[in-house]
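Q: The listed protein sequences derive, respectively, from chains A, B and C. Take the first sequence: its letter number 191 is residue 191 in our numbering, and every next letter is one higher. Take the second sequence: its letter number 11 is residue 11 in our numbering, and every next letter is one higher. Take the third sequence: its letter number 246 is residue 246 in our numbering, and every next letter is one higher.
What the simulated footprint calls covered on chain B by chain A, stretch by stretch (three residues with Cβ under 8 Å from a Cβ of chain A suffice, anywhere in the stretch; the number is not a length):
#: 1; region: 343–351
#: 2; region: 358–365
#: 3; region: 378–392
The set of hints was computed from the structure by calculation and includes no laboratory data. As the structure is a prediction and not an experimental result, all values here were calculated from the model. Backbone N, C-alpha and C fix where the C-beta goes; we use that ideal spot for every residue, glycine too.
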Amino acid sequence: MTPTQPSTTPAPAGPSRGADIWREVTHHGLFWPVVALVALLLACGIASPGFLDVTVRDGHLFGQLVDLLRNSATPLLLALGMCLVIATGGIDLSVGAVMAIGLAVSLTYLDTAPDPSNVGTVVTAVLLGLGVGALGGAFNGAMVAGLGIQPFIATMILMVAGRGIAMLITQGQITTVTSPPFKTIGSGFVLGIPTPVVIAVAAFVVVAVAVRRTALGMFLEAIGINREASRLAGVRSRRTTWTVYVIAGVLAALAGLVYGAPTMAADANNIGLMKELDAIMVVVLGGTKLDGGRFYLGGLLVGAMLLSTLERAVIIFQFPSQTTPLFKALVLIAVCVAASPTLRAMLRGRRRADRSDAPAAPVETVSEVTA
Amino acid sequence: MSAAQPEAAEPAPVDRTPVVQMTGISIAFPGVKALDDVPFRLFPGEVHALMGENGAGKSTLIKALTGVYAIDSGRIEVDGAEVRLDGPSQAQAAGISTVYQEVNLCANLTVAENVMLGHEVRRGPLIDWRATRRRAAEYLARLNLDLDPRSMLSSHTIAVQQLCAIARALVVDAKVLILDEPTSSLDNAEVAELFRVVRRLKDEGVAVLFVSHFLDQVYEISDRVTVLRNGRFVGEHLVADLPRRDLIAAMIGRSRDALAGIEEKARSTITIHSERETPFLTAVGLGRNGSVQPFDVNLYAGEILGVAGLLGSGRTEMARLLSGADRPDVGEVRVQSTLTRLTSPLAALARGIAYSTEDRKKEGIVGDLTVRENIALALQARRGTWRPLPRRQLDDVVAKYLTALQITPANPNALIRNLSGGNQQKVLLARWLATAPRLLILDEPTRGIDVGAKAEIQKLVTELAQDGMSVVFISSELEEVLRLSQRLVVMRDRHKVDDLVNTDDVTTATVLETIAESGAHA
Amino acid sequence: MSTELSADPDVRGDEDARSVVRRARRALRGLDRRFLPVLGTVLTLLVMLGIGQQRYSTERVDFVSMKLLSNLLVDNSYLLVLAIGMTFVILTGGIDLSVGAVVALVGLAIAELFTLGLPLPVVLALGVLIGTSCGLLIGVMVQVFDIQPFIASLAVMFLARGLANVISVNSLKIDDEGFSALAAWSLKFGEGRQLWRINASMLVALAVLLIAFLILHYTRFGRSVYGLGAGDGGAAVNLMGLRPARTRVWVYVISGTCAGIAGVLFALYTKSGFNLTGIGMELDAIAAVVIGGTLLSGGVGFVLGTGAGVLVYGLIQVLIAREGLESWWTRVFIGVVLLGFVILQRVLVVRRR
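Let the sequences and hints guide you as you build the complete structure.
A: Have a look at this one:
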């Protein structure tokens with residue numbers, strides 16, 4: 001009478017323990033990304049001597065690896081927000097546009113300010129940029145959570161219209177400003193570590209604490225896996241979803257500031273172009289599935305490093321730099337296909353026939369079917 | 001082809017060849033053998049009923065015959081020749097047509113398209129719509145349906161849509177027509193109409209496979225019956241030779257005893273509440289457009305209220321209004337005499353109302369989360385996002401319910417989707433019980449689970465009521481509802497038709513009669 | 001209710017008006033629900049034409065003219081083809097976000113292929129085939145690997161952009177006599193200010209429209225496309241024996257092929273290839289489809305409505321230009337209009353439930 005369903009039993013102790021540990025490690029979502037990262041770093045180190053050297057110069061860290069870290073900051077910030085949004089089963093295609101808008105607003109404010117080098121002014125500029133990012137996120141969230149519009153359409157509208165808004169703010173010009181305090185956001189150092197890295201890590205820690213130390217993470221996953229079940233269990237699906245889009249907007253604006261600060265130029269047309277791809281790649285490389293549910297913040301760190309290492313490797317191995325997007329796209333397709341359950345079933349030789357609605361166990365019920 | 005007269009003696013006439021012969025059919029799913037060496041045959045001009053409990057393998061056998069499932073072993077012969085049915089189009093090509101319980105036609109296409117698509121009349125490479133519509137009208141006329149072929153399918157009732165599905169079956173000149181639970185949402189008049197059509201088809205030589213859990217209908221229309229139990233073949237008989245008692249015995253084997261004990265207990269502990277007691281919840285004129293007509297209901301502490309009705313009668317809709325899952329358009333709700341607006345499931349939980357949904361896969365389990373997280377979900381939702389449950393407290397709660405409900409495996413880290421249906425249901429119950437509700441609404445809590453878990457859940461429900469919880473129990477198994485409840489609400493066609501106290505003279509027959517009679521007045 | 005007409009002319013006038021209204025109301029109620037969105041589109045079109053006529057007509061030249069229509073079609077023939085392909089996909093409840101990238105890729109490919117010395121018909125055929133292959137890839141990812149359409153088409157969009165980048169990061173001029181001749185060819189009508197023309201792109205676009213119309217309304221495949229959008233993931237279509245898998249893959253192949261054709265038409269229009277072309281073009285196509293009355297959720301819509309949607313899009317551009325606004329305002333406007341229609345669709349769907 002007990003069901004014969006296979007279940008997860010605790011691993012047996014004894015000689016097979018080692019094999020079990022090996023299986024757990026290799027089956028962990030991050031296993032392959034970490035392996036790939038290490039392999040790529042080693043390959044780069046071999047192809048380009050001195051790649052792995054890190055020295056201290058002028059009181060701060062210096063070396064190609066350090067550059068790699070600095071370049072990982074922007075994708076990490078974008079991916080942080082994107083990961084949370086994807087966890088709820090959505091997507092945010094507007095992150096690149098929000099980068100541009102945030103930067104445009106900040107620089108335009110600085111441009112019109114009497115003293116752009118004043119720290120107070122810079123702080124205001126930064127807050128303005130972040131605020132605008134929050135607005136963009138709020139718009140996305142209202143469309144998705146409030147009106148139930150499909151996320152890709154809602155965020156795509158902001159993605160396209162947003163560029164127009166950025167153009168409007170900068171009047172079609174590339175706004176340039178001179179402001180050393182602002183510039184350090186992108187090119188300065190804190191305790192020897194590049195500022196962008198510090199900012200990105202700080203954001204990561206804040207998000208990680210908010211998500212894993214509270215019930216937010218579990219709610220996001222529940223919403224992404226089964227929205228209706230979560231709602232019926234009392235989870236505030238709408239409010240939580242809206243919040244997550246706002247967070248993504250703020251992080252995207254922050255990424256825009258960090259990205260544009262070194263050059264101090266806001267090119268509304270080009271900044272953030274294709275950055276959605278980078279963000280999605282980092283999320284996917286970090287082990288989070290694109291249809292939502294369980295997400296892995298730790299994987300974002302690996303994914304961001306993997307992305308910048310990939311970009312660097314293209315140069316080191318002397319591929320033309322314009323081939324980078326192509327490589328990224330191929331990796332994305334490969335990961336999507338590999339994550340597909342159909343592929344796993346095919347590899348295991350299952351039949352095509354759809355069995356997803358099969359009964360769990362032969363049921364013997366008693367029912368007094370009276371005459 | 002003359003209509004088959006049931007032969008008086010042995011049930012295996014050898015002088016007629018079956019139009020469909022299935023031998024040794026086996027189909028296995030991970031962990032479950034759904035069909036084990038099952039034979040089945042269909043004779044032309046005969047209505048053959050396929051009977052068995054939930055999970056006996058009926059729908060699996062049908063899906064094998066219609067090409068939806070591939071068979072692991074055995075053979076299928078149509079008209080004496082072996083066939084491989086890889087998909088619905090092959091099955092259709094072999095002359096097998098199916099009408100499912102959920103009308104599987106396209107609501108956004110016209111009647112003509114739904115009937116004729118796949119066999120439309122063409123002029124060159126393009127469809128000749130005028131001729132196609134004319135043909136469709138002809139087929140519909142054979143079923144006494146006078147519909148505008150240009151009208152959208154969705155503009156007609158389910159009963160009419162089902163007849164359109166049958167018309168489609170006629171188009172393919174089906175040798176075999178499979179009717180899978182065709183009467184679940186039809187009233188008596190519509191059922192009579194359907195049977196008239198089935199008899200006409202029988203006369204034309206079509207072999208009809210009829211699946212239904214309405215025993216009366218089976219006896220009314222079928223000539224032959226095959227019984228399955230636990231994926232195995234039990235027997236094939238002529239209906240004329242098989243009294244009901246024997247059919248039931250064949251279907252359920254000898255496991256009646258397991259639940260007989262509970263019934264004694266439940267009925268003997270009925271305490272009809274006092275008229276002076278205040279109900280925990282009172283609903284007055286509560287209703288929602290397009291969902292359920294305004295109804296009144298009183299729910300008392302320590303009492304199980306059963307909700308009986310056919311598929312589509314509005315039971316779930318009623319439950320959803322009482323639990324905040326849907327917002328009402330009219331009416332009011334009082335919880336402990338205080339006027340309350342149940343605007344969301346969270347608001348209901350705050351008032352002590354918990355709702356266990358009908359479809360646990362779609363609305364219940366959060367598949368990729370662990371057992372622990374599933375149990376904690378509603379409790380945590382009540383505390384809000386920023387006040388996580390302390391780990392120690394959470395573990396205690398989880399452990400408590402793992403033992404109390406005997407959930408196997410007792411591993412809080414297991415993913416809930418790997419558990420059996422019965423254990424999943426128990427985890428969901430734990431989720432609601434963890435919020436310490438005063439009112440627990442259970443919608444089909446024992447659907448699709450094995451008899452052991454079923455008995456446990458029924459026992460649990462009885463105990464909860466005895467401890468003072470108010471329970472609403474919804475089930476399509478009328479016997480189960482009668483076994484557990486002290487009072488009954490009867491639903492039909494989206495409105496409440498009666499309140500009954502579950503005294504000894506209330507049986508499934510009387511309830512079904514109540515449902516049928518209310519239709520006559522409607 | 002008496003139906004006698006009174007003899008009094010004033011009363012008669014009122015009654016006439018009332019009976020007209022009554023008849024109109026009855027006609028509207030009898031009108032199939034599915035046509036309501038398209039009715040909205042046509043109304044929008046008429047309103048815009050009306051506004052344009054009011055503001056921009058001069059004594060000599062009407063705003064609404066054959067010239068306007070011809071210009072609209074000449075400027076937007078590529079978009080019409082794109083939107084037609086997109087209609088197929090959206091009808092099944094899917095989406096194709098790769099079309100803009102494919103247009104860019106095809107343009108660059110054409111420029112490159114000509115430098116390799118291949119003849120015109122081969123180059124054009126290869127260009128279209130590039131689109132077809134992209135569509136096939138999406139179709140396989142969606143149907144065989146069960147990947148969500150927006151993810152699959154997003155990935156192929158990145159792939160197409162990546163390939164375009166590889167060909168060239170600069171604008172490439174398309175240098176071929178035959179090609180230029182084709183681009184320049186047109187039939188001229190009228191004279192002076194009223195001059196209007198029909199060119200090759202227009203003819204291609206209209207031909208595609210006609211073929212699409214016939215397919216969607218007069219073939220089993222076309223009706224299966226609608227059936228796939230019925231909202232059950234193709235379960236009904238499967239059980240009706242109408243081959244949902246094949247249909248779904250073909251729908252993406254069609255969209256890709258249309259993107260390939262649109263790439264060719266766009267190349268004819270700009271006579272160059274550029275890897276940053278077409279960013280946001282998929283949104284334009286989706287906007288045209290949605291404005292044209294097709295529901296994003298699938299199952300309801302008309303390809304002729306999409307044609308009207310493209311006209312609305314083109315008119316927005318014309319009106320913006322006439323008002324002297326920068327061209328990127330179009331993007332903002334289209335975004336707003338699309339948003340409006342999407343919200344409207346959403347509200348109507350929720351209301352119906």
